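Top to bottom, those sequences are chains A and B. The first sequence: position 8 = 8 (the UniProt record's numbering), numbered continuously. The second sequence: position 312 = 312 (the UniProt record's numbering), numbered continuously.
Hint data in this document are derived by calculation from the structure and do not stem from the laboratory. As the structure is a prediction and not an experimental result, all values here were calculated from the model. Honestly, I wouldn't trust all of these hints.
Treat identical chains as interchangeable: a pair holds within one or across any two.
Stated by the list, open to error - With a Cα cut of at most 30 Å, we get these calculated DSS-like pairs of lysine-lysine: (1) K310 x K231; (2) K310 x K665; (3) K665 x K449; (4) K435 x K271; (5) K683 x K214.
2 protein chains.
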Amino acid sequence: MDLSSFVTSLTTSFLIFLVLMLLFTWLSGRPGNKFIYFPNRILKGFDPVEGGYASRNPFSWAYEAFSSTEQDIIALSGVDTAVYFVFLSTVLGILVFSGVLLLPVLLPVAATDKSVKTANSTTSNNTFNDLDKLSMGNIGEKSNRLWAFLIGTYWVSFVTYYMLWKAYKHVSELRANALESPEVKPEQFAILVRDIPDLPEGQTRKEQIDSYFKSIYPETFYRSMVVTNNKVVNKIYEELEGYKKKLARAEAIYADSKSTGKPEGTRPTNKTGFLGLVGEKVDSIDYYNEKINEIIPRWEAEQKVTLREKQQGAAIVFFTSRVTAASAAQSLHAQMMDTWTVIDAPEPRQLIWPNFSLKFFDRQIRQNVVYVIVALTIFFYMIPIGFISAFTTLENLKKLLPFLKSIINQPEVRTILEAYLPQIALIVFLAMLPKLLLFLSKSEGIPSKSLIERAASGKYFYFSVLNVFIGVTVGGTLFTTFKTIQKSPDSAITILANGLPANATFFLTYVALKFFVGYGLELSRIVPLIIFHLKKKYLCKTEAEVKEAWKPGDLGYATKVPSDMLIVTIVLCYSVIAPLIIPFGVVYFGLGWLIHRNQALKVYVPSYESYGRMWPHMQARILASLVLYQLTMFGYFGAKKFPYAVILIPGIVFSLVFAYVCKQKFYRFFHDTALEVAAEELKETPNMERIFRAYIPPSLRNEKIDDDQFEDALSQVSRSSSNV
Amino acid sequence: MDLSSFVTSLTTSFLIFLVLMLLFTWLSGRPGNKFIYFPNRILKGFDPVEGGYASRNPFSWAYEAFSSTEQDIIALSGVDTAVYFVFLSTVLGILVFSGVLLLPVLLPVAATDKSVKTANSTTSNNTFNDLDKLSMGNIGEKSNRLWAFLIGTYWVSFVTYYMLWKAYKHVSELRANALESPEVKPEQFAILVRDIPDLPEGQTRKEQIDSYFKSIYPETFYRSMVVTNNKVVNKIYEELEGYKKKLARAEAIYADSKSTGKPEGTRPTNKTGFLGLVGEKVDSIDYYNEKINEIIPRWEAEQKVTLREKQQGAAIVFFTSRVTAASAAQSLHAQMMDTWTVIDAPEPRQLIWPNFSLKFFDRQIRQNVVYVIVALTIFFYMIPIGFISAFTTLENLKKLLPFLKSIINQPEVRTILEAYLPQIALIVFLAMLPKLLLFLSKSEGIPSKSLIERAASGKYFYFSVLNVFIGVTVGGTLFTTFKTIQKSPDSAITILANGLPANATFFLTYVALKFFVGYGLELSRIVPLIIFHLKKKYLCKTEAEVKEAWKPGDLGYATKVPSDMLIVTIVLCYSVIAPLIIPFGVVYFGLGWLIHRNQALKVYVPSYESYGRMWPHMQARILASLVLYQLTMFGYFGAKKFPYAVILIPGIVFSLVFAYVCKQKFYRFFHDTALEVAAEELKETPNMERIFRAYIPPSLRNEKIDDDQFEDALSQVSRSSSNV
């Protein structure tokens, strides 16, 4: 890629960004769009826009985002979001500090070297263009100028260690502050117990669990909730909720018709058959009411059956003390480690009930199977894509969907389809990947949503680094010149040495595209806006439906973090080879920080809170990128035949030691709750009944069923602590 | 080695064994030797010999050992000893079950094969002798008879899995029974706290520790004992104890002289200078009394100084509840993992006080440094030996010890010394090895004796397996024929294939020597007997000195287990290649069981109790031996060009899975105390004061110093639980 085409691509991206920014300023100023641009503030009960719409200048959002504090973020979006900003600002810090030294030093050193240019100008004119002159590729072999780059390599490493150490300490503080907060949080009083052994003769589950925990914690055991298999009851509950929604919709239509049409209104009707398309035509309101009245007794009966007969070998156990719960979650309870296993309880909304009753070794097997599948997906990701492409060839399509035959047989359509089907398949597969990884992580048997997202995000990181980064750089360069390698193995390194700076321009464009177009779309929320207005106009009839239409969702760590991490990896690896990438990285993370700050404050609503348990994984991955960078640099200095490349080896060793020390010093607190933190005073005596009720899933909640009936699965209040 | 020399060596060993047995029968029957043959029973207050000396037949000891139950062992020698017998009987079981199938099947299969014999008879007559005919080396390449050996390989593996699984379950039960016993054991009420952060302004250590644990455990915290640097006070205490012993001795000599010589007696005298050889001559009793009276105030002053000013950042914390102590030892207390680290307390007698105050990362560094040193020692163990030999060459000796010059310069002495000095150095080094490994393990910073012995035993195992077994088998065979390998790499496997069965005879003799001579010496206790009688006759004057002379010591797991493990490794690895080794292994472990049973019941006194924490390491090492065996077999089948050798690979994978499952199911209970076990009822309310006092080291114990003075380091009884 030469300079002009690079500038063209950059300009285009920037123009798109400008247009999206203008759109955002214009659209977000209109009160009708407040549900799209300020849903988090609305849901939290704040005024959407401080100061009103009229007074807003186009950059007020940026000013607001910039001047918000970490405490604002924690209050509005939780600790996890705050940790995400620590991640962004840490990376930003690494890049800014690196750039401060590398840009003014390395760019002139590279630009003024003449050795390679003259040597290559006769053979290949295209390899070295104006941009490449500013990279390490422009330095001759064994040149003394390489010393500057070697020092640069260490500078980036030390900046990274420093920033990561500071960040880990800070995040640990954030987590501690959140966990020691005087607010009563149900998850701090509960533990999950799995792998409960088979029932002894003549005892109920409840008795078994209660007597077990009462003997160990006579003072602080409160109550237990036996986990049940809720599959059937959930289905009935969903059916019921569906009919309730449909009824509300029918009533809204009826009320609407009264005001627009005849004063007595038109009662809506529907057909009872498949998708409402066939079958008998009935009065909707009567029909749905009838259905609801029919389902409710069925639901209540099923609730009772579930609570009584579908008990599993797992439970949630409640304690009256935070310290006991924190300590219980870390202690070995049973002599056999595969029975009575305990972990700390996640928030009620995060619980994955069906994963609860999986047995210990079942989970282990699932986890390993998933790891193997993911490893295979990463290394042979072309196979599923090829499989999808094969499945979507025209011939197969014709067989599967014969009614398409006449269309496909037209020559123009045929050509286009044949050219694009595999690419479409690839895009579809890549778009499905996060969902697939989430599904796989869930299949591991992890019982909490945040940990599932964390696991999926890890998988996605390895996928993107291995396939996108290493695939493009090394693979791309190596495979095209495979024959040259076979002749002389030495030249593999030479190809890498020439290939790395060449690819730098590609990645520069990639990063720029990512932030200009990606962030433009993110901030302007064009797609959700259009969907919302369409839905509101044509589909939504009730308030609940409108709310459903603008529901903002969460930040989506599972995909956001790995895609940021890919940029970290790229920028770190090229930071010394082509320092020009650093400003791009700075813009990516600077702009990302600003825009996500706006989104976190005003748009997204977190769907869970894990108190920063994502951080150790982020930190480990930044370090992994650093090691990859150090290895790349070692290889690249070798390719430049620089004899002092070995000086880089202690750096790699130090990175591993640093990772080990961080893990030893900080990690366990991100896995377990430290007792000194849990021992902090509470604002009020916890209302144990409310804590207990928070964990009852909606499908089992019922005002009519009183405590006596729940007794089967939801064990009784223990005598010793019932008056707490 | 041909058959006749093998039989000769076996017969010699057996004769030595017979002689030692007869000696044992004769010597143990004499009441004067009861302190050597029955010290454990005497110390426990039992009658040394049930039924008296006269009625004993030569095999009554064997009958008594055989009919003793596991409960007897636990009562007389503790859980650790019982676990050692589980280890012996498990290995015995593996070998018996293996032999039952392998001996009647594989020996005839090997003996009747003619293929190799005819092929080799022309080239080398010595390679295949009568013994080797019974081994797998006698089977021709690609022979179908190899199937029998392949099945045999799997049979041994499955027998091992079965026995290990049963044993792990059993040991886990033993540990649980011991830990849930209703007896009050001090170590079950205490935890060790290390890495206590620097003192905050205006607080004492005691206040810092007490307020920290009181806030976390308001109900169950009892008291804390700040760890002090006892180096000086210990030295003074030892000095004091030394003079007390000398005084007792002088008084005994004086009393003795009254009865033998003049009625008024001769007051013993001694010289005050170096080693009592030079200096002023004084009356011993007066002198020692004076010394003692002089030291006591110094000791008491130093006690106070130690308790007040030499406090370290570590403590022993006591709880009034077993469950709390067990749970506290497993829980993360501080946000930073390198502060307030906790582990379960070992018994008071096991504590290594100086290791207490080492800081977290200091310990980590020490551990890694020790690992590196041990790895280097294992792989280059010739280097320290060479170092020692160089140090002990005649020239160096002459320089260091000039007074030897005249002796060394005699030609005969010179020749002998030059020939044997390196060997002596090797023997000295090998004899020093366990001590060196114990020292290294202690340097890791482990604060309890049992864990230090366990760590040393692991190091010794790797040393012996790598150097003795692999060194002799593979190394020995390969290095002597190094040039052949260089010509054609393929022949390395052939050498191994021929070398393994050839070495079998060597190891057969080794095992036989080990049990005949080793166990003969063990049972007859000739060496301790002679030393005891010499000491008693010429040195001991007081009762305490006599007791010191027959003090039996403990079983010495640190060297016993690894040397047994070496036999396990040898026998397992040769079980299919040369099944004849199995009976030898059976005798080794059968006889070992019987003889050690006798020694455990009557002789050795355990110096600590770790409730079977050695077991997981034994189990892991048996499994490691099994994997080594499977790998050897895989290589050996390959050398036999048997195409179905790949069938062995699933076996190796299964061994690793088995190890993983065992670790997942059982391991943590051997690291932490399960709460369900700790929650069992106690026989009596624990006397917390007694528990606390048990941990005060002897050098700090003083009747005169009352509680108020201890207060500085040994914190006050907590208010909430002082009345427990």
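>> I'd like to know which numbered hints this structure contradicts. Please list them from smallest to largest.
In response: Structure breaks hint 4 only.
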